[in-house]
Amino acid sequence: MTFRFIHSTDLHLGKRFGQFSGDLPGRLREARHAVIGKLAEHARQNEATTVLLAGDTFDSETPAPEVRRQALAEMRYHAPVRWIILPGNHDSLQAAQLWSTLRTEAPENVTLAVEAQPVDLAPGVQLLPAPCTTRRPGRDLTEWMDGAATPEGSVRLGLAHGAVQSFSEDGHGLDVIAPDRARRAGLSYLALGDWHGGVEIDPRTRYSGTPEPDRFKHDRPGEALLVSLEGPSALPQVTALPTGSFAWRTLALELLDGEDAVARMEAMLPEARLRRQSLVKVIAGGRARLEGRTALAAAIEHVRPDFAFLHFDDEGLATECEAEDLDAVDRAGALREAADELLAEAHDAGRSAQEREIARLALARLYAYAQAVGQ
Amino acid sequence: MKISALRFFNVKRFAGRGIAIEGISEGVNVLCAVNEFGKSTSFEALHALFFQPHSSTAADVRSLRPYSGGNPLVEADIATEAGRFRITKQFFGGRSARVVDLANERIVAQADEAENFIAGLVRDGTAGPAGLLWVRQGITGIEKRSRSEEDSEKQVRASLLESVQGEVEAVTGGRRMAEIMAATEEALGRLVTSTGRPKAGERFAAAVDELNRLDADERRLDSEVMALRGALDKRASSAKRLAEIDRAEDRDERRKEIEAAQAAFDAAKSQAEALRAAEAELRLAREQRDSADRDLKSFRDALQKAEVLRGRLAEAERLSAQALARRDAAATAAAKAFADSEAAETEEQEARALLARLDAALKAREAAERLAELQQRLEAAEVARKELEEGQASLALLRLPEGAVAELEALDVDIAKLRAVAEAGRPSVAIAYEPQAPAVRLDGTPLKDGEPRGYDGHAQLSIPGIGIVTLRSNRSAGNDDRLRQAEERRRIQLASMGVEDLAAARKREVEAQRKESDLRELKARLSLLAPDGLPKLREEAAARREAAGDVLELKEDPAQVRKAHEQTEARRQAARQATREAEPIQAGAADAVVAAQIALAKLEAERTQMEAVLGPENTRTERERQLADRLAGLDTRLAEQQAAVEGFRGEAADLASAEATVRRVKSVAEAAEKEIGRLREEIAGLTAEIRARSEDAVEEKWRETVDALTAAKARAAAYEKEVAVLQRLRTALETARSHAREIYLLPVMTELRPLLGLLFEDVSITFDEKTLLPHKIMRNGQEEEVERLSGGMREQLSVLTRLAFARLLAKDGRPAPVILDDALVYSDDDRIEKMFDALHRQAREQQIIVFSCRQRAFQRLGGNVLQLAEWVPG
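Going down the list, the sequences are from chains A and B.
Position 54 of the first sequence, counted from 1, bears residue number 54 in the UniProt record's numbering, the numbering being contiguous throughout.
Position 85 of the second sequence, counted from 1, bears residue number 85 in the UniProt record's numbering, the numbering being contiguous throughout.
Keep in mind the hints are simulated off the structure, nothing from the lab.
Not one of these hints is a red herring.
Far from chain A by the CB rule (all over 12 Å, computed), these chain B residues: (1) A15; (2) G16; (3) R17; (4) S25; (5) R106; (6) S223; (7) R326; (8) A353; (9) A367; (10) A422; (11) P435; (12) S462; (13) D481; (14) G863; (15) A869.
Derived list of chain B stretches under chain A, where covered just means 3 residues or more per stretch with a C-beta under 8 Å from a C-beta of chain A: (16) 176 to 187; (17) 225 to 239; (18) 683 to 691; (19) 705 to 711; (20) 728 to 740.
Heads up, the beta-carbon is just placed ideally off N, CA and C, and yes, glycines get one too.
Please model the complete structure; the sequences and the hints are all you need to start from.
Structure, rendered in structure tokens:
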């Protein structure tokens, strides 16, 4: 007997991405909805009967009705794939309105795992869900699994949402799930949610990560896990399946003095066609000459329209300034004096980092203006 | 820095050859040679040494190579404050740079370090002008140029102007500074106002507005989300509570509990009734028994009391009798004391009367004595008064009117005077008698010898022996009237006074005075006798006489009488004391009798009462026995009833707690019902609220706003940073420009002015305030555009400007050589001489190296003439 299912989590349906402008928030939102279809497609292709969603299916306790209704409609469409929805910290049971509405609206192929008691998933397969009762339960909700009675010889699957050790998206570590819960409760597999990047805690315990990334933190593509279980004691076979449509990347550009910063940067960026679906942060560090900096900034501006979002951060980039750089401003005289003063201030350890930064940027600006004005 | 030698090898025309210019001294040095003799090559080699890196392959360096190729080598000996050095550079093959200390032949620096050393010499603080001040045929010498441009006069003219401006620009930033400043201002102006606030309608202000709007939205949405979560939490807890208390089995349980408690309560109530009846009966029995007990006790008490009373009565009667006896004795004693007192009283009165009489007699005698004395005095006074009156009467006779005597005296004198006058005027007769001659008589009166005698009218002299001689005067007697009048007045006066003459008057006056004196004495005696006047004395005497009355006969001795009286008084006091003592005793005895009588009466009354209670003596024993029997019977009954009540009490349940249970159970049920109702209402309200907010998707909006707010904050911060950067840049530029102006431009102008004066009369240059570029020249009060100046003048200006800079640098302790390569192409000889003066004047503090091909003109310059010599590098 083989039981296959898709392990996914943190769909955060309805998330609005207010930090972006233009149509990007809408596209990101739409991508989250589209993930449902992708998960179903993977299930069908891999002959999985069930999709386990380990919490935070909705971004808020009170999602807009259209978010809720459209999600349920999409799930219904993909019957006979069975959807198991677990309340997470964003959509905990405290949101009674949400769950009572879902109960009345949920189609047959959607199961709400809202109680800590075994659910019959398939013959010989029991699901032990640990729904989040409140936003911060303050205790290990999986504890009950240890003593949960299931028929002899059946496969025990755990489904929970929250932090193991410090794997918490919200950063508070009061309600930590015991990392060895799978062993203690005799689980064949413990499907976890909350951490948006996929992580294997042990062969039987995993975070699948969100199928559609929503932040720069994890720097991983959106994935879901296909899990196959041969029997109660067999180790699960786990395969990662691509699901994300947007890539969130943080690119560290460590420069050495004299390197061609623009070429290095270009080399790191994804290929042109993918950029439309990419949100990229370029974090420049190391050292660069004034000329290189200016060129880099111009190059970033040049490629910016390729991307869904491109952020350039060069605060960590130190400016190397040689006499000839300053000569480009002026060889002597008042302009040179101003440049020298700014350079000295940019390297003056007695000043605050902010003041040094301002001086450095002012020097770069002077350089740029001097270039524009010409000799 | 000063240059003392220049050597080069393999430069330009001098392929495989070396040239040395040694002995360059302070002051003006002149290398004057015809074109293509190496003069310009020397200049270029020197320039490359100081301004081209040894590794450079720039056009300027390439142009140094001979056409045949090779590696140019240039070296110069210099002197600075730090010492003397040799700088050597080789370009292209075997490129190198080296600085050697000439004092010890040691290498100080090589390669890049050597370049840094040179840069330090030339730039020495990049803020100032170059440490070498070059003027070359209108070119500053560090600019790219083409030969064709260089040859063009127009270009030369323009360059000349630029060379002045260029040098000033080098110091002040000039036009580029102005343009960069303008660009900075424009960028800043797009973001903020002049006071640094975000400029309305621009991107920064829009970003700040957006931030504020989002902040407000976020706060509002946050509170809405909080309200929503609060409502969710509350509804969850309410629903949980409702589920807890609204279960059917719990309701049933509550109802059953109420029924059971009610039944228990009813049972307890009927038991309580029975107990209450038994208890009432018990109370009645106890009262009856207690009453019987009381009767018996009081009967026995009465018996006892009667016995006691009997004894006390006897005693009281005895005490009463005693008191009566004492009262009688006291009455007798008091009566006697009173009688004694009466007697003493009488005795004392008699003694006192006698004493009074005696006193009266003594007083009467005394008064009689006094009267006699008064009488005597009165009589004496009367005599005195009589004498006084008589004296006064005789005095009245004697007394002359006031001033009468004096008047009389005056009258006498007057008369005497008048008589004397009359006598003097009268004819007189005197005789001188012969001895023994008879006495002649005049009018009968003998005339004495020699005595003149007067006469009036006529007189008769009777001379014995001769006859009568009649004397006639024939003079009227009228003159005697006054005398007669006076004599008449005296006569009247005397008559009125009653005296004969003045002497008599005087005598009376003396008499009268003596009399007055006697009277005064008499008066004094009278007033002594009767100080208050005679009538008063008389009154007094009369009063005395009346008061005197009869004078009593004194038979007893007053002392004895007084003593007797004192004795009787003592007796009387003693008797009174005795009476006072007897009185309280008598009163006390009377009181004692009354008290004894009252006590007796009381006891009698009590005995009567007892008798009434006890009844006749013979029935008393029987009555006591009856009472005791009744009590015993009632005691038995009480014990029986007591036992019955105890029995009921033991059976009765606790009615209060049964009732409390009923109340509690009922209230529990009521409270549960009430809470169920309240919870349902509350849940309904919360549900409505939650549904409303859910449909608004308020939480999603809030999260969206939080994200947008974060982005807006970053955006606003970026603008703030941009503003800070631009402001910092502006500050740096302004500081540098004003610094340059203060440090260089104004001092250079100060230095330039005397040099200009030396060369031109009535010329002054004005500089543009903003760009600090020379912009107008005032010549003879006329303004001229700088562009219109002649080439000669411009080149002279250019040289002078450098000289001014050089002076400034020298003053600053950084002397710099001024190097001129055919700088005075366009100047006429007259001007050139003036320039030479300027150069020499300047050269006192300065090294000036002049390269020129105008040998003839420059012969007049004087100074140290330099020579080119062949040189082979060592």
